[in-house]
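Here is how the chains run, residue by residue.
4 protein chains.
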Amino acid sequence: MSQFRYLKELVYEANMEIPREQLAIVTFGNVSGVDRQHGVVAIKPSGVPYHRLKVDDIVIVDLDNKLVEGDMRPSSDTKTHTLLYKHFPEIGGVCHTHSTYAVAWSQAMRSIPNLGTTHADHLTKSVPVTEVMSDEAIERDYELETGHQILHLFNRENLSPQEVEMVLVACHGPFTWGKDPAKAIYNSIVLEEVAKMAFLTLQINPATPTIKQSLIDKHYFRKHGKDAYYGQGC
Amino acid sequence: MSQFRYLKELVYEANMEIPREQLAIVTFGNVSGVDRQHGVVAIKPSGVPYHRLKVDDIVIVDLDNKLVEGDMRPSSDTKTHTLLYKHFPEIGGVCHTHSTYAVAWSQAMRSIPNLGTTHADHLTKSVPVTEVMSDEAIERDYELETGHQILHLFNRENLSPQEVEMVLVACHGPFTWGKDPAKAIYNSIVLEEVAKMAFLTLQINPATPTIKQSLIDKHYFRKHGKDAYYGQGC
Amino acid sequence: MSQFRYLKELVYEANMEIPREQLAIVTFGNVSGVDRQHGVVAIKPSGVPYHRLKVDDIVIVDLDNKLVEGDMRPSSDTKTHTLLYKHFPEIGGVCHTHSTYAVAWSQAMRSIPNLGTTHADHLTKSVPVTEVMSDEAIERDYELETGHQILHLFNRENLSPQEVEMVLVACHGPFTWGKDPAKAIYNSIVLEEVAKMAFLTLQINPATPTIKQSLIDKHYFRKHGKDAYYGQGC
Amino acid sequence: MSQFRYLKELVYEANMEIPREQLAIVTFGNVSGVDRQHGVVAIKPSGVPYHRLKVDDIVIVDLDNKLVEGDMRPSSDTKTHTLLYKHFPEIGGVCHTHSTYAVAWSQAMRSIPNLGTTHADHLTKSVPVTEVMSDEAIERDYELETGHQILHLFNRENLSPQEVEMVLVACHGPFTWGKDPAKAIYNSIVLEEVAKMAFLTLQINPATPTIKQSLIDKHYFRKHGKDAYYGQGC
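Chains as they are written, first to last, in our numbering: chain A, 1 to 234; chain B, 1 to 234; chain C, 1 to 234; chain D, 1 to 234.
Bear in mind the hints are in silico, worked out from the structure with no lab data behind them. Note that this is a predicted model, so its numbers are computed, not measured. Be a bit skeptical, because a hint or two may be false.
The list makes no distinction among identical chains, and a pair is therefore deemed to hold if it is satisfied within one copy or across any two copies.
What the hints assert, rightly or not - Quick list of in silico lysine-lysine cross-link-like pairs, DSS-like style, CA-CA up to 30 Å: (1) Lys66 x Lys226; (2) Lys54 x Lys183; (3) Lys212 x Lys179; (4) Lys179 x Lys66; (5) Lys223 x Lys66; (6) Lys183 x Lys212; (7) Lys54 x Lys226.
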């Protein structure tokens, strides 16, 4: 049996949340997980419908995208995932979906403003959106460049990937990450809900301001950091 | 066995309506119930996903938020619940959700106008929205102050918690209550539907007026008070 | 066993479509059926949640709203149903729901324009909306007057209840009917979809015209009348 | 047993995706498949609810719409399907639904602009919309003329039915096709999602531009043609 069986199981379970939570139709979307000790990533195979996906279909590649284990081609977005693992050393899982409201904000090329505590519970900033990719970058190595678009954005806006665990790729859709594959998909679930709430809020009142900093901080820090008191502390 | 087992069961059942009725994702939302004779409140533990919640996980605290029974930390919103029980002596259950349309109205900081009989069947007024909390109050004791925001609103607008069993907390989301935990969650279900209907109505016709007082009264009093004739009278 | 058992079963089945098709939350909505030979109507009891409803709970009243059979109080909307049966001699079932989009159009006090073939397959006109009821009528006998509002509208606009089997009651919600209870609930399902489609269409293009008469007639008459060729002709 | 049993099964399975994916209510919608060797088409019978549909109900007609096998009347849209098979020799399946967002765009008589990679993964152009049919054509042979409207549009705009596998019929709704019935219904699922995403995107930012050509080409050609690298290459 594969020495990466445990990782394949975690990644399989996280992928199966995508159809369960209606975060993508047909074969869209993918979750991966990294084993930093062995330098490998487990990821969904490309173009497989979720109802046919099995644990053993999960593909193992190294951080340079070389196949390590598996009978299928890995997700076409694999290079985006591996680039994020290389540059964000604290993360353990990455998720990409085509969830409807998050895609709509991505296509509209608008960041999602922080309009309430559902958002502030998870990040203090807007959910940022990348710039549109240049023609040269698209031609060069599209999926790798998608990763670079995300890195450039985080550098330019001085964002921490531990504080901001979600991003919108312009004209495309959301990527999220976290300490493990389960947290990565959790963030995709939250992002879709936050995207829908922000959409509706601005339809009701287009002049809705972002919430005040003191309230953002209160909600964020009651869930994160050493003085957190939300949850069971494990 | 716990002497509060009956209350834990009621509160557990009411909490499980939250995912069933899609009133919150992941771990969000909480329902509580009070035993006024023993001065205790049963409430959902903090940050537990609904599919893992068990009756025995329900936490018992007293009205000063001290733990009475339970292995887990109570909901981080517990102080809001207990303050409402202290000041609204007729209520027996409180519910807080992050339901999508009610949150959107809360984030937009707009009360929900009474535009039809679905709303008027349940309350004669708009669903009111609190003011934004001051920085001082946020710093002081956030969840307790959330309760105070609600109390101030009800005092200021001279609202009866028996007639108006629902409120929007600005930038946050809805709280509802009722004679028992089942009525509290029932009111959250109704509020979400009323919030969605009002949203759509104003998209179709932004100039829609609130319904006339005689129609409001007719609908409200056919369901409430001594001349009510809706339902089976039990 | 009740001689009206067969009618209770038809009415029970039609009522259970309301939660299945998500046409109302909690206890809202009701379907009835008439037995013209015996002059009785079978209808949902008032305020009973659908998951607890049983065939034997269906109440039998006569056309003057007197209880004939049943342990429970009939729907509070019974007088609206019986008035429609008295004045529309061809109909065999009536349905009232609080379905979200149909209610939104009712609250907005706008008729639903005929924008496409999904609508034209079922009626050639707009879905009409009643006027707001006068204070005197509300005071007099509200549910009976709701029926009269519908009759006035059909008289005033010279509508045929056999051609137009659906109506919006202003500030309230939809009523539909048909040759039997199954057709009445079928029309409520179609109305909600047509209401949603019209809403979205006008959001995309507020200047969308109603469809041309020749196309309306083609679609309506391929499903209705002696030259119909849709369906299996039974 | 029918020599077309295999085709009936494929067509039955594709039809059953319509209610599963919520692409139409009640009896609306239909999928067909062609057997080019025998010159026959298998299609859903007219007006049958999906929960009662059986494999043996699928009707076999020839390309001139003559009944070959079956106890029921074929879909009233059969002439549209057979005309498409005659003029688009590469296709093996056709699907027609009344899915909500695609119908809304059809009723609004607007083509769906290419606003993101979910769309570009499937076609490089807008999803085109036909002109409104003339009164003469409606009178002549409505369902056949619906097919001609689609052919005229593809001729006029020089579209390839292999590249653009979906179309909106003005005032009516979508038709999609593909190499087999499964691909035809797959395209209907994708179209509905793309229609909803485009609707929301333009609500967020009415000035959203279509995505740049280089990005359209990249996404389309990574899934289609000889250099495709999405999926498992089978």
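Homo-oligomer pair classification [Lys183, Lys54; C-alpha up to 30 Å]: both (21 Å within a copy, 23 Å between copies)
Intra/inter-copy verdict for Lys66 and Lys226 if alpha-carbon distance must be at most 30 Å: Between copies, since 22 Å is at most 30 Å while 39 Å is not.
Intra/inter-copy verdict for Lys212 and Lys179 if alpha-carbon distance must be at most 30 Å: Within one copy only: 28 Å inside a chain, 35 Å across chains, cut-off 30 Å.
Alpha-carbon proximity between Lys183 and Lys212, which holds within one copy, between copies, both or neither at 30 Å: within (27 Å within a copy, 33 Å between copies)
Copy assignment of Lys223 with Lys66, given that the CA separation must stay at most 30 Å: between (38 Å within a copy, 21 Å between copies)
Within, between, both or neither, where Lys54 and Lys226 count as close if Cα-Cα is 30 Å or less: This pair counts as between: shortest inter-copy Cα distance 28 Å, intra-copy 39 Å.
Up to 30 Å CA-CA - Lys66 versus Lys179, copy category: Result: close within a single copy only, 23 Å intra versus 33 Å inter.
Violated hints for the displayed structure: none, as all numbered hints are satisfied.
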